[in-house]
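K.L.:
Listed here are the chains, written in short residue letters.
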Amino acid sequence: MSYHVNERGYFGTFGGAYIPEMLYPNVEELRTKYLDIIYEPKFQEEYQQLLRDYVGRPSPLYLAERLSEKYGATIYLKREDLNHTGAHKINNTVGQILLAQRLGKKRIIAETGAGQHGVATATVCALKGIECVVYMGAVDIERQAPNVARMKMMGATVIPAISGSQTLKDATNEALRDWINNPVDTHYIIGSAVGPHPYPDMVARFQAIISEETKWQLKEKTGKENPDYIMACVGGGSNAIGMFYHFLDHADVKLIAVEAAGKGVDSGESAATTYLGTEGVLHGSRSIVMQTPDGQVIEPYSISAGLDYPGIGPQHAHLHTSQRAQYVSVTDDEALNAGLELTRLEGIIPAIESAHAFAYLNKMKFKGDETVVVCLSGRGDKDLDNYMKYFGF
Amino acid sequence: MNRINQLFDQKKENILSIYFTAGYPELNSTLDIAQALEEAGADFLEIGIPYSDPLADGPVIQNSSLKSIENGMTLPILFDQLKDLRKRVTIPVLLMGYVNPILQYGVEKFCASCKEVGVDGVIAPDLPMYEYEEMYMDCFKSNNLSNIFLITPQTSDERIRKIDELSNGFIYLLSSSSTTGKDVSLSDITENYFSRLKNMNLKNPTMIGFGISDNKSFNKAAQYANGAIVGSAFVKLLSEDNYMEKIPDFISSLKGKQEFA
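For the record, the sequence lines run as chains A and B.
Following this note's numbering, the numbering of the first sequence begins with 1 at its first residue and continues without gaps.
Following this note's numbering, the numbering of the second sequence begins with 1 at its first residue and continues without gaps.
Note that these hints are calculated values from the structure, not bench results.
Glycine included, C-beta positions come from ideal geometry on N, C-alpha and C.
Where hints are given, some of them may not hold.
[Claimed, not checked] Only pairs whose alpha carbons sit at most 25 Å apart, straight line, appear in this in silico PhoX-like list of lysine-lysine: (1) B:Lys236 - B:Lys67; (2) B:Lys109 - A:Lys33; (3) A:Lys365 - A:Lys221; (4) A:Lys363 - A:Lys70; (5) A:Lys106 - B:Lys182; (6) B:Lys182 - B:Lys203.
[Said to hold, decoys possible] Using C-beta positions, here's what the derived DEER-type ranges look like: (7) A:Met153 - B:Ser239: 34 to 42 Å; (8) B:Ser239 - A:Ala149: 34 to 42 Å; (9) A:His4 - B:Tyr130: 15 to 23 Å; (10) B:Asp32 - A:Thr321: 17 to 25 Å; (11) A:Thr157 - B:Met135: 46 to 54 Å; (12) B:Ser156 - A:Lys221: 49 to 57 Å; (13) B:Lys246 - A:Met1: 38 to 46 Å; (14) B:Met244 - A:Glu142: 14 to 22 Å; (15) B:Tyr130 - A:Lys33: 47 to 55 Å.
The task is simple: from the sequences and hints, build the whole structure.
P.N.:
And the structure:
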């Protein structure tokens, strides 16, 4: 079975481009050009150089000894938190800004949940001197204030999305509306592995650097070709797909994607899409969506702004239904406690998003000799308020 | 030959279509509004299916959509309301909505329900052309439904040809790429766009929509197409008190003719 996109833009039955005509010319331009541009040698040269000298790649693959001891496995952390701007999001924005330049675009728009993608977009726009507008849910602006300040300092305009639940879904709607109203000269840098084809595939290719490095780093450190387990948190799913990418065709590598259960999968306040969702169309692609029987999208909930999304990327929907990867979930409480545990065991404060992946470690049954790679997708500075409040420090 | 084809056969210019969201402002206002619009002189109607995430819509239609969902509107309820459609309305009626609620209802069942209640066409802006052509076109045709495509100034000639070939009814022209209800100054219309379209000699009639809000913009649009579509401006009227009483004046002022008042 293929886990990659087919020539029509689908992963199995998921994907496609369900967009109004106003978006078609821009999306079609991307579709016909993205592979040629990305794999052009000059592009690759510039992209790799920026990843190395600007982002700080390769990001370390770190053996977490005390965490390993606690869970009875050899646990490595892929340190995307050490990237410039503090998360994996910059891998994609560096790629897309170079793409946007080659398409002759003069203005960049983006959506953001936790603000990490917004910051990563504002950063590359500052780097290249391009106008940047970021849409962010009004609720998220509130709970991720440090990132809002960083975006503004970079010169970006942050526009609050005030519709719906005022979170990531609504920010994405507003960004798409902006693109409809600015059909020429604007490029939309989608931050997650969602949206109409070719976005899910394009974002996955830019994030695939995570697993590409992991492969050789693991070999260097352990002599092993592959780990036994790979774990990553998933909202739309960009860090997870990047972490899985080069292992998708190695069936012996078990892939575990951890969704945000919020206050519990059946509490009515959750973002565990694969558990709660059904097949549907959201933000331009066919995937799994949290929705009513009538096709109205249900407002999700998670303490983590980056996972607070009622859909999942179409490639993930395919990995889920084909059972190539296992989709599980953990609650707010479990994630926050795992965040504190990682901090106390390893001296690393993870983003609450990333903490979800760690929270699933204690539900795993390791035999003792397995190698596990957990994607530490972002650092937790932006979440200090939430951690402080929860633990009463 | 459905009611849409008949209308465009008989009338070639100044055709006025009105969009409004089903179940707004009240759950059961749908048919009353439809009937009032026909009586006031609208040539055909587009009834919107509400959706939680209407990404091509501006604030006015977004709000009507959310209110309609709050009112309890669903597709099964809408089709139930429309059972009496043809007792009360004779002009062509289309349903306009995003693809997800239609997919959840089931496309084939949706087409059959449309035919059953006397709906003549469908506008589903985010239904991909390839999916329509490969999966649903036969179903649309066997239920005598027109599928309406959109064109913007950025749509390529090649794609316009393809749309013209697949269309049956009319083609929906956007004067510029925008979300609904945006103040589009029609004086800014690139003459290029419309003369390009004119020179293509499309087989289908055309209607201009998005940004048409008054007599001036209606007349301007009607110069370039068979008529124009008014959406947000009418939905805004529905948010006012005594909206039913205001419908005749609204329509006659759009048309600039007093005899409908």
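K.L.:
When the structure is checked against the list of hints, which entries are broken? Sort them ascending.
P.N.:
Structure breaks hints 2, 6, 10, 11, 13, 14 and 15.
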